[in-house]
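Listed below, chain by chain, are the residues.
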Amino acid sequence: MNGLLTQSFLTALVSGGIVAAIPLMFTALGESVSERAGVLNIGLEGMMLLGAYFGFVGAYGLHSTWLGFLAGTAGGLAGATVMVILSVSMGLDQIVVGIAITLAGEGITSVLHQAQFQGTSPGLGNPGTVPIPGLSRLPVLGHSVFDQPLLVYFGVGFLALVWWVFRSTTWGLNLLAAGQKPEALDAAGVSVLAVRTYAVLTTGALAGLGGAYLAIVGAATFTPFMTQGQGFMAIVIAMLARGKPLWVGVSSLVFGICLSIDTALQLASINISTDVINLLPFAAIMAALVLFARGSYLPPALCLPYVRGAK
Amino acid sequence: MAAESEVAPGIGLAPDVPAPAPARLTRWWRILLRSLAPVILALIAGGLLLLALGRDPVQFYVNVWQGGVESGGWQNSAVLMTPLLLIALGLIVVFRAGIWNLGYDGQYLLAAALVAGFGPHLLQTWPAPVAYALLFLIAGSAGALWTVVPAVLKAWYETNEIITTLMMSFIGVGIANILVKGPFQDPTVNIPQTRTIPFAKLLPNLAGTRVNLGVLVALGAVPIVYYLLTRTSFGLRLEVLGANPRAARHVGISLRRVIVTTFVWSGFLIGLAAALDILGLWAYVRANWNPGYGDTVIPFVFLARLNPLVIVPFVAFYAVLSTGGDLAAQQANLPTDFLLVLVALILLFMTVIEYLGRRRDLGHSYLTPGLREALRRPLMRRRPAP
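Chain order of the listed sequences is P and F.
Numbering of the first sequence is given in this note's numbering, commencing with residue 1 and proceeding in unit increments.
Numbering of the second sequence is given in this note's numbering, commencing with residue 1 and proceeding in unit increments.
If you're looking for bench data, these hints aren't it; they were derived computationally from the structure.
Ideal Cβ positions, reconstructed from N, Cα and C, are used throughout, including at glycine.
One or more of the hints may lead you astray.
As the list claims (entries may be wrong) - What follows is a list of derived Cβ distance ranges for each label pair:
(1) P/266 to F/129: 42 to 50 Å
(2) P/246 to F/220: 51 to 59 Å
(3) F/356 to P/130: 45 to 53 Å
(4) F/198 to P/6: 46 to 54 Å
(5) P/171 to F/66: 51 to 59 Å
(6) F/32 to P/190: 41 to 49 Å
(7) F/148 to P/170: 42 to 50 Å
(8) F/58 to P/117: 21 to 29 Å
(9) F/129 to P/272: 35 to 43 Å
(10) F/148 to P/190: 39 to 47 Å
(11) F/69 to P/117: 31 to 39 Å
(12) P/130 to F/58: 49 to 57 Å
The whole structure should be built from the sequences, with the hints applied where relevant.
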């Protein structure tokens, strides 16, 4: 156990945790937006996979990390569009559509992957990092925290943006109303369907971006089913964070560390089977649910389609 | 289909709206149309997708038919029906009560790992009937046990069971892997897998076929579950809970007891599915193996309107599609995950058809109000009405 506090262990723990946390953070942030507007998005897993696959194809085919992220975002948006048409416009059951999107995302990315790459994934290059001058030279953790791919800073910026939108803009208020009392929003002359549509599209874009990050930066390749339940984890994170973006960031980091702790433990030459470690995040979530179930909060109109004049 | 409309009017096509008593024949047609149209549309859309991928869709579906039905293929399909049917029954039980159990993968794999782990030893030391009974019990209890935490959380704290069952599922799959790679691993083989149950000790085949007895057990469970759900007070309590949780509380049904019992039954049936599948077909469990039965059976559970009798033809259909589809996908050089796309398409078309069929009901008619209630109040704790 004497290896636990060495620099290499801490570096691996924190940098690995950040790499694993970013996809969770983007996705959970997206889920916070649509949950706030009253749409529960069980299809996140599928949207992440679409984002991962198209992000990978974009980055590989166009030789640009940024075009890859863009393509991944578009992939997630495609999944969200299905959700918008069926669950928002037509008011169909959100969870059935969500399950369908997850299954479709899993199936279609696997099929396309086989059709285009014959099942062997070429690797991608290192995306390259941008150190923050000064901070990255701090001792011990400076390098591992403040020398990241540009998208990580972008993600933190986005977190702040969502926080600001929720807190002090009309958009944020509209989102809140769409999830709390859609009739009131409608009476105020704002289209509930439009607000929810934008919210779900934002979710899809963010989940796609998260998936793309997972494929391009996290794994540097695409393998079918690579998200391994992270979409569902993101839903739980959003629920536990009670729609507060800062908590989304913090809990994503905690779960990211859970997801990536095996590399760090190996460096500290502690051998625990990876199967045990893979259980950790889910066990942590169950523990959190058991302990804090009372404290979590969801909007009253969640999962209810809005129809003007319906009882 | 007729039985469905007679016996279970409460959870039939229109739970909320009293039927305007249309001519009987047209009603039948409508039910048939709504149940079959999604499947047909999904197959057509899947064919278009195959075309886009440069495969021949007609050839693909011909291969499905040949692999799933012709020249003995039907026997493989019948074998596959065993786990699918029991899992479908397990899901029907909870869905009827308005509860989501999405933890089937964990329940199934945990039970499967235990059966494959204890099976070889038990079958060698005990006479076959005793060993089978023990293994069924172990598997059923494991599946049931794995629902207890979500059930208790739901019954006492109103914690959303969608999330808890999913999380327990991931944990169950992980523990199954740990068992297969750890205590149950066959030391004589390089690949992490359990010891193999000797062929002679597996469930016997029906005369002249490769279909094992398991399918009879599964088919036998159908009328039992049907009876339980439609002819007993337990079934009635389930239905009231599914139709209106608040009303259930008012008429004095112990919600906690019903929720826990339902979950346990569901898990038990899913565990039993695993036992029959391992003892009838696989004989061992390999690490990281997951047949993913539950995901693919969900759409059919809804299409059958949660009716244990109607689910049989749907499961038979999917068993053929799956057995033949595996072969057809190989021949078309596609991964078998293509079937997931078909299943997702069925789900999507199902919701759309519900929408077209009943605009005012917003496609809810295949979900009991309780399932919707569960979604509405996921994590909030709710005090029972005084």
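Q: Of all the hints given earlier, name the ones this structure violates by number, lowest first.
A: Hint check: nothing fails, all pass.
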